[in-house]
Amino acid sequence: MPHPYCFHFIALQLLPKPHPTNSHIPVPSPVLNMRKGVGLGALTRNTQTSQQYASHGQLLQKSHIDELTTQLSVFQASLAQFSRTHAKDIRSNPAFRAEFARMCTAIGVDPLASSSNRGGSFWAEMLGTSVNDFYFELAVRVVEVCRRTRQENGGLIAIAEVRERIMRQDESIGGSNDVSEDDILRAVDALRPLSSGFAVIDLGRRQMIRSVPKELNTDQSTVLEAIQVLGFITHSMLRVNLGWDGARVQTVIDDLLSDSLVWLDDQADEKEYWAPSFFKKSG
Amino acid sequence: MTTTATMFTKPKPPNLEYPELYEFPAFFTRYHSSSSPQNTQPNDTTWAHQRSIWAAWVLSYCRAHKIWKLQLSDALETELFYNRNLNRRFKQRDAAELLEYMVTEGDVEWEGVGKATAIVYWRKPEEWANVIYEWIDSTGQKGSVLTLYEISEGDLTRNQEFHTIDPYVLRKALDFLVKRSLAQVFGANEEMGVKFF
Chain A
1 MPHPYCFHFI
11 ALQLLPKPHP
21 TNSHIPVPSP
31 VLNMRKGVGL
41 GALTRNTQTS
51 QQYASHGQLL
61 QKSHIDELTT
71 QLSVFQASLA
81 QFSRTHAKDI
91 RSNPAFRAEF
101 ARMCTAIGVD
111 PLASSSNRGG
121 SFWAEMLGTS
131 VNDFYFELAV
141 RVVEVCRRTR
151 QENGGLIAIA
161 EVRERIMRQD
171 ESIGGSNDVS
181 EDDILRAVDA
191 LRPLSSGFAV
201 IDLGRRQMIR
211 SVPKELNTDQ
221 STVLEAIQVL
231 GFITHSMLRV
241 NLGWDGARVQ
251 TVIDDLLSDS
261 LVWLDDQADE
271 KEYWAPSFFK
281 KSG
Chain B
1 MTTTATMFTK
11 PKPPNLEYPE
21 LYEFPAFFTR
31 YHSSSSPQNT
41 QPNDTTWAHQ
51 RSIWAAWVLS
61 YCRAHKIWKL
71 QLSDALETEL
81 FYNRNLNRRF
91 KQRDAAELLE
101 YMVTEGDVEW
111 EGVGKATAIV
121 YWRKPEEWAN
131 VIYEWIDSTG
141 QKGSVLTLYE
151 ISEGDLTRNQ
161 EFHTIDPYVL
171 RKALDFLVKR
181 SLAQVFGANE
191 EMGVKFF
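Chains as they are written, first to last, in full-length UniProt numbering: chain A, 1 to 283; chain B, 1 to 197.
Chain A extracted, bound-state conformation (with noise of 0.2 angstroms):
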């Protein structure tokens, strides 16, 4: 349902477009008011004309500026009204939320945009908590997960498992709230003011929760892209298929060993290397 000013908005739209300025009305050429012998009078008419169209001007542009305040504060109350009577939805339905998120995005709203710095955010504001809320409850989870199983898998962890072990969770108390792995990327981002250290990184056809500040070299991408893959690496495999010298291949897996991020099996015919990281998925 349309709100009453807009059709008021629109018949004036429809007027012609007034000016403050008379550089574009029509001015009687000097030649044609000689012949019409029309004097002085008429300067002084052409100024008040110009002067009647720039106050009507003024008042147009200040009956504009009046409307889009209103359908402006019409907008933010609905929007405010929309996530407070959808608070339920938003926090239970990740679709939902996913789809809200969007819409925020593409209107510019940034639902955890922090309302402390830069003179505040009135989205988040007028938002109300239930949207920030959500992510930074689960931007919490998502930070115990990674710590807790930091020391298996050296603070590298799919966003796929973090998800399935934050349901799990949820399954053993009793709640259900769903959760995508949107929900986990956003929550990450929301943890980015912090500068935590948390980051999200591609891997090979994975996302993975960075949640130890330490970048991994080219290498180290490389290998653990190819223990996705493969499940293990050994060192002969890297020698072969990438073509790496001996020396290269020890660094590497020497690296990611004492990072905790793979595991060593000695009982294979030659050693091989695990990673937890990527373990659970082919279990």
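Hints were generated in silico from the structure; no laboratory data involved. Careful, some of the hints might be misleading.
Residues from chain A shown here face chain B by an in silico Cβ test under 10 angstroms; the list is partial [claimed, not checked]:
hint, residue
1, Q151
2, F232
3, L257
4, D259
5, V262
6, A268
7, A275
8, F279
Cβ coordinates follow ideal geometry from the N, Cα and C atoms, glycine included.
Start from chain A and add chain B according to the hints.
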């Protein structure tokens, strides 16, 4: 009757949950035997984590199978330390190191000096004391006298978690009750009895 002898044939109890890493081949490797120092991996952090999962696994395995005493050499052949599907096994040296760690945690006690058999406290003696005393209390047996054999092997305790309890563990548990003046142990050797208050 001995737990270790029947261990091989025991079916998987329904309440036994395998750790996720049980299917992870590297879970069974403690470190590499190579003399080169940078090969003594996994690193300490990894090992500490690995060890804590192993310890929890040993306890839940023994709980599910009601194993009171673990004979290391036998246990190495069971699924506890040997994943045949994966063809990976925890080596003797590594298992011994694990049990040694569990001793420091109070979950395990070596029987004798040979360190060949370990008493596994999947419940601490103090917990057993409470469980037994609760059973005595709820069945109205306060003031009565029971032999130790009746407690561990008697028909009355068949449904109790402490049924088949190892005599040594039972004694330790009862000691706690004695200390709290809730029980009195008398007799000697096979003829021991206990009176609950």
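Cross-check of the supplied hints:
With its C-beta approaching chain B no nearer than about 4 angstroms, Q151 of chain A sits inside the 10 angstroms limit, and its interface hint holds. Annotation: interface hint on F232 of chain A holds; nearest CB of chain B at approximately 7 angstroms, less than 10 angstroms. Of the supplied interface hints, the one on L257 of chain A holds, with its beta-carbon coming within about 4 angstroms of a beta-carbon of chain B, less than 10 angstroms. Here the hint on D259 of chain A is kept, as its CB sits about 8 angstroms from the closest CB of chain B, short of 10 angstroms.
Given the 10 angstroms rule on beta carbons, the hint for V262 of chain A holds: about 8 angstroms separates it from the nearest Cβ of chain B. The interface hint given for A268 of chain A is met, as the beta carbon of that residue sits about 7 angstroms from the closest beta carbon of chain B, less than 10 angstroms. Evaluation of the A275 of chain A hint against chain B yields a held restraint, the C-beta minimum of about 9 angstroms falling below 10 angstroms. Nearest Cβ of chain B to the Cβ of F279 of chain A: about 5 angstroms, under the 10 angstroms cut. The hint holds.
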